[in-house]
Amino acid sequence: METKQMKNEDIKQFIVVKFGHEQYGINIQIVQNIVRMPNITRVPNAPAYIKGVINLRGEIIPVMSVRVKFELEEDQFTHATRIIIVKVDGNAIGLIVDEVLEVIQLSEAQIEKIVSDADDEKSKYVYAVGKVGEELVTLLNVGSIIGVEE
Amino acid sequence: MDVSQYLEIFIEEAKEHLQNLNEALLEMEKSDDNKDLVNEIFRVAHTLKGMAATMGFKKMTVLTHDMENVLSEIRNGKINISAELLDVLFQCLDALEQYIDQIIETGTEGDKTNQPIIDRLNLILEGKDAKASQEDEKPSESENSQEPQAEALKDDQETIKRKHKMLSFNEFEKNAILKAQEESYNVYGITIVISESCVLKSARAFIIFRTLEGLGQIIKSHPSVQDIEDEKFDLDFSVFLISSESQDKFLKELNSIAEVEEVYVDEIHLEGTVQNFEAKEHKAQEGEQEEDQDVKPSKEKADNKGQAPTKPKANRTVRVDIERLDNLMNLVSELIIVKNGLETVENNNQNMNEQIEYLERITTNLHDAVMKVRMVPVERVFNRFPRLVRDLARKLNKNLELHMSGEETELDRTVIDEIGDPLVHLIRNACDHGQEMPAERKNSGKSEIGNVYLDAYQDGNNVVIEVADDGNGIDVEKVKAKALNNGTITRDQADAMSDQDIVELLFKPSFSTADQISDVSGRGVGLDVVKTKIEALGGDIEVKTKLGKGSKFIIRLPLTLAIIQALMVRLEDEKYAIPLNTIQNIEDVKVSDIKYIQNQEVINLRGHVIPIIRLDGLLGIERERTEESMTVVIVNKGDKQAGFVVDGLIGQQEIVIKTLGKYLTNIKLIAGATILGDGEVALILDVNSLV
Numbered sequence: 001m002e003t004k005q006m007k008n009e010d011i012k013q014f015i016v017v018k019f020g021h022e023q024y025g026i027n028i029q030i031v032q033n034i035v036r037m038p039n040i041t042r043v044p045n046a047p048a049y050i051k052g053v054i055n056l057r058g059e060i061i062p063v064m065s066v067r068v069k070f071e072l073e074e075d076q077f078t079h080a081t082r083i084i085i086v087k088v089d090g091n092a093i094g095l096i097v098d099e100v101l102e103v104i105q106l107s108e109a110q111i112e113k114i115v116s117d118a119d120d121e122k123s124k125y126v127y128a129v130g131k132v133g134e135e136l137v138t139l140l141n142v143g144s145i146i147g148v149e150e
Numbered sequence: 001m002d003v004s005q006y007l008e009i010f011i012e013e014a015k016e017h018l019q020n021l022n023e024a025l026l027e028m029e030k031s032d033d034n035k036d037l038v039n040e041i042f043r044v045a046h047t048l049k050g051m052a053a054t055m056g057f058k059k060m061t062v063l064t065h066d067m068e069n070v071l072s073e074i075r076n077g078k079i080n081i082s083a084e085l086l087d088v089l090f091q092c093l094d095a096l097e098q099y100i101d102q103i104i105e106t107g108t109e110g111d112k113t114n115q116p117i118i119d120r121l122n123l124i125l126e127g128k129d130a131k132a133s134q135e136d137e138k139p140s141e142s143e144n145s146q147e148p149q150a151e152a153l154k155d156d157q158e159t160i161k162r163k164h165k166m167l168s169f170n171e172f173e174k175n176a177i178l179k180a181q182e183e184s185y186n187v188y189g190i191t192i193v194i195s196e197s198c199v200l201k202s203a204r205a206f207i208i209f210r211t212l213e214g215l216g217q218i219i220k221s222h223p224s225v226q227d228i229e230d231e232k233f234d235l236d237f238s239v240f241l242i243s244s245e246s247q248d249k250f251l252k253e254l255n256s257i258a259e260v261e262e263v264y265v266d267e268i269h270l271e272g273t274v275q276n277f278e279a280k281e282h283k284a285q286e287g288e289q290e291e292d293q294d295v296k297p298s299k300e301k302a303d304n305k306g307q308a309p310t311k312p313k314a315n316r317t318v319r320v321d322i323e324r325l326d327n328l329m330n331l332v333s334e335l336i337i338v339k340n341g342l343e344t345v346e347n348n349n350q351n352m353n354e355q356i357e358y359l360e361r362i363t364t365n366l367h368d369a370v371m372k373v374r375m376v377p378v379e380r381v382f383n384r385f386p387r388l389v390r391d392l393a394r395k396l397n398k399n400l401e402l403h404m405s406g407e408e409t410e411l412d413r414t415v416i417d418e419i420g421d422p423l424v425h426l427i428r429n430a431c432d433h434g435q436e437m438p439a440e441r442k443n444s445g446k447s448e449i450g451n452v453y454l455d456a457y458q459d460g461n462n463v464v465i466e467v468a469d470d471g472n473g474i475d476v477e478k479v480k481a482k483a484l485n486n487g488t489i490t491r492d493q494a495d496a497m498s499d500q501d502i503v504e505l506l507f508k509p510s511f512s513t514a515d516q517i518s519d520v521s522g523r524g525v526g527l528d529v530v531k532t533k534i535e536a537l538g539g540d541i542e543v544k545t546k547l548g549k550g551s552k553f554i555i556r557l558p559l560t561l562a563i564i565q566a567l568m569v570r571l572e573d574e575k576y577a578i579p580l581n582t583i584q585n586i587e588d589v590k591v592s593d594i595k596y597i598q599n600q601e602v603i604n605l606r607g608h609v610i611p612i613i614r615l616d617g618l619l620g621i622e623r624e625r626t627e628e629s630m631t632v633v634i635v636n637k638g639d640k641q642a643g644f645v646v647d648g649l650i651g652q653q654e655i656v657i658k659t660l661g662k663y664l665t666n667i668k669l670i671a672g673a674t675i676l677g678d679g680e681v682a683l684i685l686d687v688n689s690l691v
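Residue numbers (this note's numbering), protein chains in the order written: chain A, 1 to 150; chain B, 1 to 691.
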């Protein structure tokens with residue numbers, strides 16, 4: 001029954017990650033991989049939110065700090081820190097997250113769209129709020145975070 | 001028959017034939033009266049015709065067929081080779097190249113019939129001077145050009161009216177007529193004159209064609225159906241057709257059509273027999289000819305519309321020497337053997353090391369072999385230049401001679417594909433701006449013939465291509481004045497600059513935008529684009545010039561783009577790769593030896609003043625500098641030198657270049673990244689942007 005439900009177009013799957021106390025959802029369709037923190041090679045003169053590049057099975061992939069982009073305090077790398085490799089428009093990029101929590105399924109009814117406030121830079125990175133029982137998950141617009149339309 | 005599977009072979013072979021054609025034509029221009037060359041050209045045209053016919057490219061078939069007719073007459077000594085004739089043949093070559101390009105793009109040969117070229121060929125065939133008809137793009141004019149000859153005939157008045165008598169047949173039209181005669185059909189030549197009051201001549205012509213088709217089979221019309229359809233005719237046109245009907249029937253039927261002023265009908269008799277060789281091919285062409293030229297206008301239109309570009313695009317292919325492929329194959333099988341060997345190795349260090357050594361040897365050879373497969377001789381690019389120079393010489397009214405050497409030098413395929421445009425640009429420049437006019441050359445005591453040199457050779461890990469001319473060279477003073485004028489440099493700068501620095505200004509983008517570029521001998525136009533392109537390929541360009549003697553552009557290109565030898569260096573705890581081919585030597589320099597020139601750190605190394613580049617600062621590595629001596633890697637970019645200060649050397653290594661990807665395209669100083677043996681990523685320094 002569950003597989004059938006998953007095929008249903010109304011149901012979307014999200015990977016729930018954590019920055020600080022807040023939970024964020026990333027659409028699973030663009031996620032390629034979740035990797036533990038490898039060594040990051042710094043790239044001189046790159047924007048501050050680009051932490052550098054990593055080697056993912058022979059491919060060079062830039063890694064971005066979502067925290068820096070969100071203007072939160074710098075990443076604290078712990079054993080829970082992960083890099084989520086997303087691929088948009090054929091270009092892969094890694095997003096550093098504090099922790100990966102779970103994968104959730106949300107139906108259309110559980111997703112509440114947010115009208116983005118044009119004046120607020122940060123609000124365009126978020127496109128909706130998902131409701132899972134009592135919990136709220138902020139759904140990220142990954143395309144605009146990494147600078148391409150999703 | 002579905003021939004699309006042969007499309008790639010067709011394209012590849014056609015290109016080769018066109019290349020031969022190009023060379024033969026150029027050769028013929030130099031030494032006319034060479035039977036072998038005519039034979040060669042004839043053979044190429046014939047082969048192309050056969051190939052095109054097999055593939056169903058009708059327009060190409062028609063064009064090559066008419067070429068063949070003319071060439072056959074040259075072979076028989078009936079037509080002499082003239083400059084005009086060569087021009088027409090070159091036009092044929094261009095047209096054929098266009099067809100091939102179109103086929104590569106869309107899989108079809110397109111709609112262009114190149115009728116003017118075909119008409120010109122046919123005029124030559126009729127023994128008329130191609131020059132006289134050079135401008136007769138419109139059939140109406142060609143009618144005029146025929147008149148003088150007609151006057152020479154006895155019954156001139158009558159012949160002018162019976163225009164079909166003045167038309168000649170090409171080979172397969174002749175064959176069709178002969179065949180019809182054999183089968184005791186009548187062949188008629190008909191000229192129809194439409195009344196002057198006729199409003200829509202093409203519509204009238206259409207009705208006449210329909211009537212004629214009801215009576216017989218049309219084999220030729222003049223002007224062509226396309227032109228008639230476009231109303232590109234005066235008041236008359238001529239038609240040849242095969243029919244079993246009588247002459248009177250034609251007169252009666254045609255005269256009954258409104259607005260037909262006069263009709264002249266003659267029965268045509270040809271001497272000779274049907275040529276049976278290649279009968280099959282000719283038969284196919286008859287069909288084509290009909291469809292292509294002599295169908296009812298409306299039908300042709302419909303056909304064109306129906307030809308939706310559904311055929312697949314042809315892939316780009318490379319022809320590879322079979323030996324090179326075999327070599328590759330062998331290496332891959334060895335690789336599999338090593339893999340198997342590694343699987344069975346059981347913690348035996350000795351064995352393991354052996355296998356790894358074996359693996360190392362194979363990967364090196366494999367790299368070498370793959371590189372070789374990707375290598376193509378620069379001849380591929382060079383071979384279009386003789387033609388370019390020839391055309392430029394004619395256009396500019398200069399005597400130019402192109403000397404080429406090193407065509408066999410090999411370069412990576414991707415580089416070959418990209419290098420063409422910059423070279424065209426440089427050669428154009430050399431011919432146009434570099435070379436003086438013949439009179440000017442004579443005045444300055446040179447030979448009237450201007451020489452342009454194109455040389456390629458391998459130099460270590462680089463391939464060097466030089467474009468040189470023995471023209472007037474670059475006038476540094478004029479360039480300087482120009483640069484001052486448009487504000488590229490200030491007066492102070494100008495005074496401090498060496499001549500070479502000023503010449504380098506030509507590569508600045510601002511120079512290409514200036515409109516009255518001829519003031520500075522025009523050297524600057526687009527040179528920045530050339531430079532950008534070459535640098536994008538990992539190469540560099542420099543220019544040497546001597547006033548009155550000529551100038552030389554030197555392009556250096558890396559042999560391959562993907563894998564290079566590099567020196568790994570350490571800066572604090574970061575590792576960077578410097579391409580080995582840019583490194584000259586490595587020096588230990590005492591900090592106390594550093595001097596300052598215009599606030600720039602330099603060292604005096606055996607008489608050379610070399611600027612010092614502090615990589616740590618440029619790369620954003622923060623630290624205190626306390627050391628007394630430093631390791632300096634001396635690199636060169638063309639003639640320029642610079643010293644990179646590094647913390648330590650790790651060693652030489654073969655590295656695979658990878659790009660940083662789309663998100664990091666704007667990072668200057670870094671040319672790419674590579675993955676080290678331990679899986680770490682190291683960045684490759686872009687010497688070009690650092691020096």
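The reader is advised that the hints may include incorrect statements.
Within a straight-line C-alpha distance of at most 20 Å, the following computed SDA-like cross-link-like pairs (lysine to any residue) qualify [said to hold, decoys possible]: (1) A:K51 with B:I268; (2) A:K51 with B:I449; (3) A:K51 with B:I667; (4) B:K662 with A:L72; (5) B:K658 with A:L56; (6) A:K87 with B:K658; (7) B:K575 with A:I85; (8) B:K658 with A:V115; (9) B:K662 with A:Q23; (10) A:K51 with B:D326; (11) B:K662 with A:S107; (12) A:K51 with B:R324; (13) A:K51 with B:Q565.
Just a few of them, taken from the derived set where beta-carbon distance is under 10 Å, the chain B residues facing chain A [as the list claims (entries may be wrong)]: (14) Y6; (15) P116; (16) V529; (17) T532; (18) L580; (19) I583; (20) N585; (21) I586; (22) R623; (23) R625; (24) T659; (25) K662; (26) V681; (27) A682.
I should point out that these hints are in silico values taken from the structure, not numbers from a laboratory.
None of the values given here were measured: they were computed from a predicted structure.
All residues carry an ideal CB built from backbone N, CA and C; glycine is no exception.
| said: Against the 20 Å threshold, does the CA-CA distance of K662 (chain B) and S107 (chain A) hold or violate the hint? | reply: violated (34 Å)
ask   = Going by Cβ atoms only, is P116 (chain B) closer than 10 Å to chain A?
value = violated (46 Å)
**OP:** For the hint on L580 (chain B), just tell me whether its beta-carbon gets within less than 10 Å of chain A.
**Re:** violated (21 Å)
(message) Let's test the interface hint: is any C-beta of chain A closer than 10 Å to that of R625 (chain B)?
(response) violated (18 Å)
Given the hinted pair K662 (chain B) and L72 (chain A), is their alpha-carbon gap at most 20 Å?
violated (25 Å)
Next item in the hint list is A682 (chain B). Is there a CB on chain A closer than 10 Å to its CB? Where the cut-off is 10 Å and the nearest Cβ of chain A is about 7 Å from A682 (chain B), the hint holds.
**Asked** Going straight from one Cα to the other, do K658 (chain B) and L56 (chain A) come out at no more than 20 Å?
**Response** holds (12 Å)
* CA of K51 (chain A) to CA of D326 (chain B), is that 20 Å or under? -> violated (45 Å)
### Task
Hold the hint about Y6 (chain B) up to the distance rule: shortest CB distance to chain A must be less than 10 Å.
This interface hint is violated because 33 Å lies over the 10 Å limit.
Agreement of K575 (chain B) and I85 (chain A) with the hint, judged by alpha carbon distance not exceeding 20 Å
The given pair, whose Cα atoms are some 25 Å apart, is violated under the 20 Å limit.
Query raised in the report: Are the Cα atoms of K51 (chain A) and I667 (chain B) separated by 20 Å or less?
Result: holds (14 Å)
Tell me if the straight-line CA distance from K87 (chain A) to K658 (chain B) falls inside 20 Å. Distance ~18 Å between K87 (chain A) and K658 (chain B) Cα, so the pair holds.
In summary, the numbered hints that this structure violates are 1, 2, 4, 7, 8, 9, 10, 11, 12, 13, 14, 15, 16, 17, 18, 19, 20, 21, 22, 23.
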